Amino acid sequence: MESKKILGASLGTCVHVAGVYGFLTLAERFGYQTVFLGPARSPQEVVEAALQERPSMVIVGYRLTERVAEKLFEELQSLITRHGLFRIPWALSCTPQIEPVARKSGLFTYIFTGREPFSEIVASLTGSREERREDTYPETLPGRIAARYPFPLLRHHFGLPTVEETVEGVRRISEAKVVDIISLGPDQNAQEFFFEPHRMDETHKGAGGVPLRRKEDLVAIFEASRRGNFPLLRCYSGTNHLKEWAHLLHETIRIAWGAVPIFWYSELDGRSKRPLPEAIRENLEAMKTYIDLGVPIEVNDAHQWSLRGAPDSVAVASFFLGAYIAKKLGARYYVAQYMLNTPPGIAPRADLAKMFAKKDLVQTLEDATFTVFTQIRGGLAHFSPHPEIAKGQLAASTFLGLFLRPHIVHVVNFSEGDHLARPEEVIESAHIVQGVLKDALFDLPDVTKDPYIAEHRARIKHEALLLLEALKSLGQGEDPFLDPGVLAGAVTRGFFDAPHLLGNPWAKGKVQTRIVEGMLYPVDEKGRALSEEERLRRLGFSF
1 MESKKILGAS
11 LGTCVHVAGV
21 YGFLTLAERF
31 GYQTVFLGPA
41 RSPQEVVEAA
51 LQERPSMVIV
61 GYRLTERVAE
71 KLFEELQSLI
81 TRHGLFRIPW
91 ALSCTPQIEP
101 VARKSGLFTY
111 IFTGREPFSE
121 IVASLTGSRE
131 ERREDTYPET
141 LPGRIAARYP
151 FPLLRHHFGL
161 PTVEETVEGV
171 RRISEAKVVD
181 IISLGPDQNA
191 QEFFFEPHRM
201 DETHKGAGGV
211 PLRRKEDLVA
221 IFEASRRGNF
231 PLLRCYSGTN
241 HLKEWAHLLH
251 ETIRIAWGAV
261 PIFWYSELDG
271 RSKRPLPEAI
281 RENLEAMKTY
291 IDLGVPIEVN
301 DAHQWSLRGA
311 PDSVAVASFF
321 LGAYIAKKLG
331 ARYYVAQYML
341 NTPPGIAPRA
351 DLAKMFAKKD
361 LVQTLEDATF
371 TVFTQIRGGL
381 AHFSPHPEIA
391 KGQLAASTFL
401 GLFLRPHIVH
411 VVNFSEGDHL
421 ARPEEVIESA
431 HIVQGVLKDA
441 LFDLPDVTKD
451 PYIAEHRARI
461 KHEALLLLEA
471 LKSLGQGEDP
481 FLDPGVLAGA
491 VTRGFFDAPH
501 LLGNPWAKGK
511 VQTRIVEGML
521 YPVDEKGRAL
531 SEEERLRRLG
541 FSF
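If you read the sequence shown in the UniProt record's numbering, its first letter stands for residue 1, the second for the next number, and so on.
No wet-lab data here; the hints were simulated from the structure. Wrong hints could be hidden among the right ones.
As the list claims (entries may be wrong) - Capping the alpha-carbon separation at 16 Å, the derived lysine to aspartate or glutamate pairs in EDC-like fashion look like this:
#1 104 / 66
#2 273 / 196
#3 327 / 267
#4 328 / 524
#5 328 / 285
#6 391 / 367
#7 328 / 478
#8 5 / 66
#9 288 / 267
#10 508 / 251
#11 177 / 425
#12 177 / 367
#13 510 / 524
#14 104 / 75
#15 215 / 251
#16 288 / 483
#17 243 / 202
#18 328 / 292
Unchecked claim - Label pairs and their in silico Cβ distance ranges:
#19 534 / 455: 27 to 35 Å
#20 534 / 380: 29 to 37 Å
#21 473 / 136: 49 to 57 Å
#22 518 / 67: 23 to 31 Å
#23 205 / 524: 40 to 48 Å
#24 455 / 197: 49 to 57 Å
#25 473 / 275: 17 to 25 Å
Predicted model, so just to flag it, every value in this text is computed and none were measured. Ideal Cβ placement from N, Cα and C applies to all residues, glycine included.
Turn these sequences into a full structure, and let the hints steer you where they fit.
Set out below in structure tokens:
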């Protein structure tokens, strides 16, 4: 059985041990036994210890001068060769100025300067070392997640006002090797009218994203990503012709997963002119299209409701509903996206209570045929237009989301409150998140035992189940949750409602919500908090 032992020391006259010691501490979290020799050890001492301890890896540190480093590395390499220790990997913790000398020596399997992503350090311990060849990077979302575990993948939205800028930006982001999934954002013209270009108003070209007009635009973007860490790509699903979009994105960018709502991209949100019942039917057909293509699916309704001030019961019920529909349509892999900080002003403990309630319900669907991946993100309306404040909010939101043990972190750029993110801002935001992961990924406290979180988690989950019961009562068929007429009826009856939908032709928009002591509640005309049972009774539902 191979030894899981790592030997560490600082080399020569170098007394700086923080890098080596930190690596050994991290290794212990992955089940390694560690032996630390301390500072200022000669190559001879390190090799003698390696012969005695028989470790599976050795890490040495050196942070002084290049000239001395070169001599030390030559001596160390000679001893390693003489004693047959070249079969185990040797790692180096050093300053950036020492790195070229270390690479020239050819001695070290891993070189850490502090500039590399934390995931690369983790990979050296898990055996999933990253190389610069495409065939070493899994091409599917499940494969990429498995290769990086326990480190979450980083996803970032990107799309600039011209195709040329976007292609070049994707090239730069890929080469930086800091984002694992680039999510393309087309302009509204493309989302609604890509397959009906005669209906586009080109005075709005590039508004909100990249003006995709031809299949070749997507191919060019994909080709630009074939470098660096060969990131996975995905794209908005379109707000019209969603099935055609699914085939297009599968063919051109190997879309990592599709994201389709149940209720939205319709007259409900104004992103297309589709009547609500028709949109629901087509959206479910689009989900099925992705699933039949073997593409993982995300149903992103919950945060659409929360962004419009809907009660937590609506957000959590729709969260479960999306996963339920995906499973019933045959999905093998499902991406559950948790948008934190929504609506703005919600307290962190209240936010976690809602998110744990969502997770509890979705976990009831998991089995050998249905795997759920957890994706976290900051709230769209949460970010300040002031970049320095937004950077702090990005870090805080990421930290809060780590309590959900994510497989994916959707990095919302610190520029979100002001402008579309440029490549350098995408890279900077990813680095901020990497810093959070480096310090906080492991050994977080168990907040589920917090009495406030436990109480409201149970309450919100109960209220979401009441709402699902009310929804089910509207149907007479085999499965009301799959019936577009029933789903549309839940909106027109006001069971699924939000304050921001007032005046909408399909929704009541009558529900009112307020944040009371950090928690979001539906309220009556006098501002008194209502239970979900009382809210539904007022809408004519009897239990």
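Structure-inconsistent hints, enumerated in ascending order: 3, 4, 6, 8, 9, 10, 12, 17, 19, 22
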